[in-house]
Structure formats: C-alpha cells, structure tokens
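*Asks:* Sequences listed follow chains A and B, in order. Residues in the first sequence are numbered consecutively from 1, following full-length UniProt numbering. Residues in the second sequence are numbered consecutively from 1, following full-length UniProt numbering.
Misleading hints may appear alongside valid ones.
Straight-line alpha carbon distances no greater than 27 Å define the calculated DSS-like cross-link-like pairs of lysine-lysine that follow [to be verified]: (1) Lys177(A) - Lys83(A); (2) Lys174(B) - Lys224(A); (3) Lys78(B) - Lys13(A); (4) Lys51(B) - Lys8(B); (5) Lys177(A) - Lys174(B); (6) Lys120(A) - Lys211(B); (7) Lys177(A) - Lys156(B); (8) Lys182(B) - Lys83(A); (9) Lys45(B) - Lys221(A); (10) Lys221(A) - Lys51(B); (11) Lys83(A) - Lys174(B); (12) Lys211(B) - Lys50(A); (13) Lys156(B) - Lys83(A); (14) Lys182(B) - Lys156(B); (15) Lys45(B) - Lys83(A); (16) Lys78(B) - Lys177(A); (17) Lys224(A) - Lys45(B).
Looking from chain A toward chain B, a few residues come up when the C-beta cut is under 10 Å (computed) [stated by the list, open to error]: (18) Val168; (19) Ala185; (20) Leu188; (21) Ile201; (22) Leu215.
Estimated spans, in silico, between C-beta atoms of each pair [stated by the list, open to error]: (23) Val46(A) - Tyr133(B): 21 to 27 Å; (24) Asn114(B) - Ala84(A): 21 to 27 Å; (25) Pro113(B) - Ala84(A): 24 to 30 Å; (26) Gly178(B) - Leu42(A): 34 to 40 Å; (27) Leu150(A) - Ile44(B): 55 to 61 Å.
In case anyone wonders, no lab produced these hints; they're calculated from the structure. Think of the CB as a built atom: it goes at the ideal place given N, C-alpha and C, for glycine as much as any other residue.
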Amino acid sequence: MQDLGIRVLFEGKNLIRLLGGLWVTLRISLLSAAISIVLGILLGMVMNRKNPITRAITRVYLEFIRIMPQLVLLFLVYFGLTKAFGINLTGETAAVIVFSIWGTAEMGDLVRGALQSIPKHQYESGKAIGLTQLQIYCYIIIPQTIRRLLPLAINLITRMIKTTSLIVLIGVVEMVKVGQQIIEANRLTVPSASLWVYAFIFFLYFIVCYPISRLSACLEKRWKN
Amino acid sequence: MDIQFISKYLPMYVEAARLTVFIAFIGILFSVLLGFICSLIRYIKIPILHKIVDIYIELSRNTPLLIQLFFLYFGLPKIGIRLSSESCAIAGLVFLGGSYMAEAFRSGLESIPNIQRESGLSIGLTKMQVFLYIILPQAVTVSIPAFSANVIFLIKETSVFSAVALADLMYVAKDLIGLYYKTDEALLMLVMAYLVILLPVSIIFTLIERKMRYAGFGNQSSF
Numbered sequence: 001m002q003d004l005g006i007r008v009l010f011e012g013k014n015l016i017r018l019l020g021g022l023w024v025t026l027r028i029s030l031l032s033a034a035i036s037i038v039l040g041i042l043l044g045m046v047m048n049r050k051n052p053i054t055r056a057i058t059r060v061y062l063e064f065i066r067i068m069p070q071l072v073l074l075f076l077v078y079f080g081l082t083k084a085f086g087i088n089l090t091g092e093t094a095a096v097i098v099f100s101i102w103g104t105a106e107m108g109d110l111v112r113g114a115l116q117s118i119p120k121h122q123y124e125s126g127k128a129i130g131l132t133q134l135q136i137y138c139y140i141i142i143p144q145t146i147r148r149l150l151p152l153a154i155n156l157i158t159r160m161i162k163t164t165s166l167i168v169l170i171g172v173v174e175m176v177k178v179g180q181q182i183i184e185a186n187r188l189t190v191p192s193a194s195l196w197v198y199a200f201i202f203f204l205y206f207i208v209c210y211p212i213s214r215l216s217a218c219l220e221k222r223w224k225n
Numbered sequence: 001m002d003i004q005f006i007s008k009y010l011p012m013y014v015e016a017a018r019l020t021v022f023i024a025f026i027g028i029l030f031s032v033l034l035g036f037i038c039s040l041i042r043y044i045k046i047p048i049l050h051k052i053v054d055i056y057i058e059l060s061r062n063t064p065l066l067i068q069l070f071f072l073y074f075g076l077p078k079i080g081i082r083l084s085s086e087s088c089a090i091a092g093l094v095f096l097g098g099s100y101m102a103e104a105f106r107s108g109l110e111s112i113p114n115i116q117r118e119s120g121l122s123i124g125l126t127k128m129q130v131f132l133y134i135i136l137p138q139a140v141t142v143s144i145p146a147f148s149a150n151v152i153f154l155i156k157e158t159s160v161f162s163a164v165a166l167a168d169l170m171y172v173a174k175d176l177i178g179l180y181y182k183t184d185e186a187l188l189m190l191v192m193a194y195l196v197i198l199l200p201v202s203i204i205f206t207l208i209e210r211k212m213r214y215a216g217f218g219n220q221s222s223f
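Chain B on its own, in the form it takes in the complex:
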C-alpha cells in the first residue's frame, strides 16, 4: 500500500465524488418529480397520457441504464441531438429513476384504503382537498421505504457514467489503474469513496424509516 500515492491522488477522487454526488442529486430530484407526475397521471387515469406513462414505465424498468446511456450518447447525435456527457448522464438517470419513483408512489397510493377517500368526501371535502390532505400525506409516508431503496439504487447506478466519458469515480479509478498500475490503492480509494457517499444516505434513510414505523406508517406488515 502506497500512502504517498493515495494522498497525492486523493483530490482527484474528491473532485470525482463531488461530480457523482452532484449528478446523482440533480438526477434524483428530477426523477422524484417525474415519478410523482407519472403516478398522478396513472392515479387520475388521464385518458391517453396514462397509456403513454404505462409504456414509458415498462420500457424504462426493463432495460439497463447502460444501454439507455449508449443510445443517448452515441445514438442520438446521428439524428442531430447532441448531448454533453453531463446532460446525457442526467437524462439517463431521470429516464430510469422516473419509472422507479413512479412505482414507489403508486404502491403508496394504492395502499390507502378506499374508506379514507369516501370518509373525506362524506364530510364535505372537495376531491382536491381529499387528495391533498388525506390521501397524499399517507401515501407518501407509506412509500418512504421504496423511495429510499430507489435513491440508493440510483446513486449506485451513477457508477456506469464513466462509460459515456464522464469523469466520475469509476473513471478516475480506471485511469489510475491504467496509468500507474496502482490497482490496490485505486480500488481501495474507490470503495472508500462509495462508502463515504452511500453509508450516510443509507443510515439516514434507515432512521427516517424507523421514525415512520414508530408513527404507524411505512411498514404495514409489522402489525
């Protein structure tokens, strides 16, 4: 183990980790938005749109991110749509994450018994109020475990971005292995970097889930 080598190239990893976190953050933010909109469209059953959303969800859930990225990055320029690595990575992540988030929200919405909606309507709330004040808060809390699993899954998926020439953690590690043949050090730092990024996220979500369960939401099967 070459400590000097590690300390020399640590800044490169920090830089790459920042890029990974940045892309993951933007990607997840938009995935949540897209997923929320998609699940709403399916929930209200907007005529044609909800079919399109169905098709999108099946397409994106049944194909690997790597292929989606290759298509975006190498395929699309042939018909004149040229994306930079970053926008390509974000677009790919949102395309993939949107459907996973939509499924998470959908399971939350579906888990709310019909009686909740009916009771709301019978005490004179409008449909909008029922949705905003009764259905939505419960659905979101129920979908938190699925949501957190998706966040971690999406952060992990960012590791394939090196394939579209984005200088993320994998890219730096591969570079160092290729240039200096310091495989052990490069891989050790790679593992450490992902642990530093993902462990806090994982712990925070575990804590949130525990809180939700304490409140009686989040894990219905424990009753």
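Bound-form chain A, shown alone:
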C-alpha cells in the first residue's frame, strides 16, 4: 500500500501544482521580508533616539506585536478589518500586511540591538574628527552594524517563510492548501496520500529553509570578531 502512496505526487500535474503553491508561499514571505527589513531599519533608528515619547510608542508597538501569536494578528486583520471598517482584503494582502507589521517589529528590535552594540566612543570619535551626524552614520556606524545585523536578518527570512505556512488557515491557496486538494481528490484511489503529501511538503519547507539558515550561521561565524 505504501509504495502506491508516493505515486500520487507524480500523477498528472500534482508536482507542478505543489511547487506552484510553494511559489505563492515564497512570494508572500519574501515580499513581507523585504518590506519589513526596510521599515525595520527605520524603526530601529527611531527606537534608538532618546526622545521618551517615540520610545514609549515604539516600545508598546514592539511588545504588543511580539507577544501576540502571528495567527491572532492574521485573524485581526483578515476578519477584524473587514468587519470593523468594511475593507475587503484578499487573504494574500492580509498576509503581506500582517507579516510586514510583525517583521518590522522583529527587525526593528534587531536593528536597535545592533546599533546599541556599537560602542559609544565610535560616535564620539567621529564627532571629534569633525564628521556630521549623517557622515557618522554612513561611514562609521552602518558598516559596522551590517556585519552584526545581516546574519540575524537572514535568519528572520527563514522565520518569515516558516510563519507563512499559517496563511492556509485564512484560506489562501498555497502549498498546504494544494496538498489538501490533492489528498481530497485522491481520497478513494490513494488512501495513504496524506502521509506522502504532508511528508513532501515538510521536506520542501526544509529544502527551502535549510540553505538560508546555513548561510546565516556561516556569516555569523565568519563575522564574529
């Protein structure tokens, strides 16, 4: 029975459809990752300011987003916005919005941590030799920050890809949904389809995420000192 089960993956267009689903997942997660890296850098710089008001606001934003499960945030945007303001979002748009909001918070915190890890004398030495604020950031702080930040940012991308698996629960047709359709379609002819399809999806996620997390670990090791 089991050697029949794997057949379902190669029947007709099943494999292509699953890979198409993977592309939907990747598109959403990479788009959200790109948005959140850009916004997160800005947020991190804002959080590093001494102004108590912006500090309080960003802090509340960060804590709220980080404490809420991403699925709850998805529900809030996908169901809540529709009901409260009558804005009709497709699942994909809602997903990109939510993951951008979440990613921005995570990235902002990483940027803040990286900026704070730069010793104060770097700023002061820059000022002492007469650089402007902008020059200090461009030539001294940012190059150093990037080395500490890049491995963490890459790591965030893998987390983003993994979290994107949640969107099947708000009805976006991505890899898992396609898998479920294939399982349903073959319910009678291939009863063990679900085992193979889910195992295949499991390994697809692994194949996508593993190289990225290896890259992050390698960069981190290389740039440690």
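Since chain A is already given, all that's left is putting chain B on it; use the hints.
*Replies:* Okay, now just chain B, sitting in the frame of chain A:
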C-alpha cells in the same frame, strides 16, 4: 460592542485558555527535557547519537510547526499510528521546542571558557563534578534569555493547534465568528486572552533576566 455576548461566552474562553496553558506547560516541560538531553549528547559528542541529534535539530528548526502537526495528525494514521488531538499537539510542540531549547542550552555551554573546566580538573575534581558544579550552573544562567524567548515563542506557537481540531483559543474565536458573526467581540476576547496568558510570563522572565544580569550572568555583552 456587545457586553452581554462577551459575558455569556467568557467561560468558553476560560476553558480554552486553560487547555492552551495546559498543553503549553506540558509541551514546554518536555521540550526543556528533550533539549537538555540533546545538548548534552552534542556536548559530550556521543558517537552516532550526536549525528542523529544534529539531523533532528536541523529538521525541526527549518520546518513550520503547522506542517509537523499536519503530518502527525493526518499523515501518521495512514501507517497505523493514530494520535488524539491533544497528544498530537504535545508531540508537535515537543518536537519543535526540543531543538530550540537544545540550541539555547548549547549557546550557554559554549559560552563557558575552557579555563573553567581546566581549573576544575586541576584542583582535583572529577569530570562529573566539574560538569555538575562548575559548567552547568554557569551555562544555565547564561542561557536564560534564550530560554525565556523560547518559552514565549512556544506558547505563541500553540495558537496553530486549532488546525488539528483542538478546542483552543483560536478554535473558540473562529467558532464564535462563524456561528454568531460577532467578529469584534470574539477577536477582542481572543487578544485579551493571549495578553492575560503571555504578559505575566513575559514580565516574570524580564525580572529573572534582570536578576541574572545583576549577578553578572545572562548578558555578557553588557560588560
């Protein structure tokens, strides 16, 4: 906002929250155990086992919990292993959490300089004593920030259990939205429930971390 509706269905949320906390507690307990064992195996480098642990950690860290759950809940019954939603949820959480906890402990163990071990050996402690009285206490305190981040992460991950038909908070909220179309109330209570569960945990860990930092552990970079 319909206050009557909220008070009527509050008990459902309380029940669901209890279930969430219960599963999370059991799951985290076993994750810590599994993670500790895994990091020990890697630390001592037990020949074949440590390769297996490596593979397990990479597999579990690079795949989403939802897929792991689907595999456990819908896939495994096809080869005769039938799990209930609860045991499936706990198994999934432990599978995921074990590797995260292992990484947390590993970073703690690695951060202890070799000189500590050597000094211990040179004053005549056995290897076991060095590990128990010198390495372990320091490693555990260093890994507390990572550990606490993992606990919060794992509690958050419990929100996907509704996908395997476990009547947790998400499940109740989705039910109420579907049945009564009271989206605002259901979502508000959902957010409140997670805040009530997670905020105290987060605050307690922040306090513990501060204590550890005060003692000179926990955050080496602040020196």
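*Asks:* If a hint holds in the structure, say so; if it doesn't, say that too.
*Replies:* Structure-based check of each hint:
1. The straight-line distance between the Cα atoms of Lys177(A) and Lys83(A) is roughly 25 Å, inside the 27 Å bound, and the hint therefore holds.
2. Straight-line distance between C-alpha atoms of Lys174(B) and Lys224(A) comes to about 46 Å, which puts the hinted pair past the 27 Å bound.
3. Proximity of Lys78(B) to Lys13(A) is assessed by CA-CA distance (about 23 Å); at most 27 Å being required, the pair is judged to hold.
4. Note on Lys51(B) and Lys8(B): the hinted pairing is violated, with a Cα-Cα distance of about 53 Å set against a maximum of 27 Å.
5. Under the criterion of a C-alpha separation no larger than 27 Å, the hint pairing Lys177(A) with Lys174(B) is consistent with the structure, at around 19 Å.
6. A C-alpha spacing of about 25 Å is found between Lys120(A) and Lys211(B), which places the hinted pair at or below 27 Å, so the restraint holds.
7. Among the hinted pairs, Lys177(A) with Lys156(B) is consistent with the structure: their alpha-carbon atoms are about 23 Å apart, no more than 27 Å.
8. In summary, the hint linking Lys182(B) to Lys83(A) is supported, as the alpha carbons are separated by about 9 Å, within the 27 Å threshold.
9. At roughly 21 Å between alpha-carbon atoms, Lys45(B) and Lys221(A) fall within 27 Å of each other, so this suggested pair holds.
10. Restraint check for Lys221(A) and Lys51(B): the C-alpha separation of about 21 Å stays at or below 27 Å, so the hint holds.
11. Only pairs whose Cα atoms come within 27 Å are accepted, and Lys83(A) paired with Lys174(B) is accepted, the gap being roughly 14 Å.
12. Annotation: proposed proximity of Lys211(B) to Lys50(A) holds, straight-line Cα distance about 25 Å (limit 27 Å).
13. The suggested pairing of Lys156(B) with Lys83(A) holds, with an alpha-carbon distance near 25 Å, which does not exceed 27 Å.
14. As the CA atoms of Lys182(B) and Lys156(B) are separated by approximately 24 Å, the hinted pair is consistent with the 27 Å bound.
15. At most 27 Å may separate the alpha-carbon atoms for a hinted pair to count; Lys45(B) and Lys83(A) exceed this at roughly 56 Å.
16. At most 27 Å may separate the alpha-carbon atoms for a hinted pair to count; Lys78(B) and Lys177(A) meet this at roughly 19 Å.
17. A C-alpha spacing of about 24 Å is found between Lys224(A) and Lys45(B), which places the hinted pair at or below 27 Å, so the restraint holds.
18. Because the smallest distance between the Cβ of Val168(A) and any Cβ of chain B comes to about 7 Å, under 10 Å, the interface hint for this residue holds.
19. At about 15 Å, the closest approach between the beta carbon of Ala185(A) and any beta carbon in chain B exceeds 10 Å, and the interface hint on this residue is violated.
20. For Leu188(A), the interface hint is violated, since its Cβ never comes within 10 Å of a Cβ in chain B; the closest pair sits about 14 Å apart.
21. At about 6 Å, the closest approach between the beta carbon of Ile201(A) and any beta carbon in chain B falls short of 10 Å, and the interface hint on this residue holds.
22. Here the hint on Leu215(A) is broken, as its CB sits about 12 Å from the closest CB of chain B, past 10 Å.
23. The hinted window of 21 to 27 Å between Val46(A) and Tyr133(B) is violated, with their beta carbons roughly 46 Å apart.
24. Remark: the range hint 21 to 27 Å for Asn114(B) to Ala84(A) is contradicted by a beta-carbon distance near 58 Å.
25. At about 55 Å, the CB distance of Pro113(B) to Ala84(A) disagrees with the hint of 24 to 30 Å.
26. Distance hint for Gly178(B) and Leu42(A): a CB-CB separation of about 39 Å, consistent with the stated range 34 to 40 Å.
27. For the pair Leu150(A) and Ile44(B), the beta carbons lie near 33 Å from each other, so the given range of 55 to 61 Å is not met.
Violated hints, in rising order: 2, 4, 15, 19, 20, 22, 23, 24, 25 and 27; the structure is consistent with all others.
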